[in-house]
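**Student:** When you line the sequence shown up against the UniProt record's numbering, it's residues 1 to 183, in that order.
Just so you know, these hints were derived from the structure itself, not from any lab.
Please note that a few of the clues may not be correct.
Unchecked claim - Simulated pairs of lysine-lysine, DSSO-like, Cα-Cα distance not exceeding 27 Å:
(1) 89 - 37
(2) 62 - 80
(3) 18 - 62
(4) 158 - 169
(5) 80 - 18
(6) 144 - 158
(7) 159 - 171
(8) 144 - 159
(9) 96 - 37
(10) 171 - 158
(11) 96 - 80
(12) 55 - 37
(13) 169 - 159
(14) 169 - 112
(15) 55 - 89
(16) 55 - 80
(17) 80 - 37
(18) 55 - 18
(19) 161 - 112
(20) 169 - 144
(21) 112 - 171
(22) 112 - 96
(23) 144 - 161
(24) 161 - 171
As the list claims (entries may be wrong) - Label pairs and their computed distance ranges (CB to CB):
(25) 8 - 54: 17 to 23 Å
(26) 65 - 106: 52 to 58 Å
(27) 109 - 69: 53 to 59 Å
(28) 91 - 120: 33 to 39 Å
Keep in mind it's a predicted model, so treat the numbers as computed, not measured.
Ideal Cβ positions, reconstructed from N, Cα and C, are used throughout, including at glycine.
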Amino acid sequence: MTEGTSIDINGLIRGNEKSFQILFINYYSVLVSFAMKYLESQDVAEDIVQDVFVKIWESREKLGEIDNLSAYLYQMVRFKSFNYLRAEKIRQDATKSFAEELDEIEMNEYIKNETFRIVMQTLEDLPSGSRNVFSRAIQGYSAKEIAEELGIAVETVKKQKQIARRILKEKLGNLFTLFFAMW
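The task is simple: from the sequences and hints, build the whole structure.
**Tutor:** Structure representation (structure tokens):
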């Protein structure tokens, strides 16, 4: 605490911002240093100390019940630091547990579903003529059957199929080879 600057508890209780400012200036940096004894992050320590000051301001009417404000501030910082560490450990344990539960089968299923979604979205993004031709081609229809069904020339079917293959190859890269190399 700065020499010669005393904390006006009654001013704090009444909501005097100058009294609060003096409290903040006198304790902020020492409380951050104190929090750093428990925490590894300067940012987290600063956040915790700021939270303590917010709590002090919000419950300032009860400050008259506190015998030693300095000890109370340190106790609040320690308590909030421990709560943060406990919550962080719970979060890390949950993340680790979740990762362990995702076994290879689930991961493969996820990859398969996501790959299918990407391929289907890419097919939807094709120009309509190319999409109509290509979707029939991958269902096993011949160029002649597609031409007859759509009422277009066989050469148009071949051209639309070629356009679709080029676009899909550009957008899908190696996935194209995996899924559509035979068409």
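**Student:** Report the numbers of all earlier hints that the structure fails to satisfy, in ascending order.
**Tutor:** none
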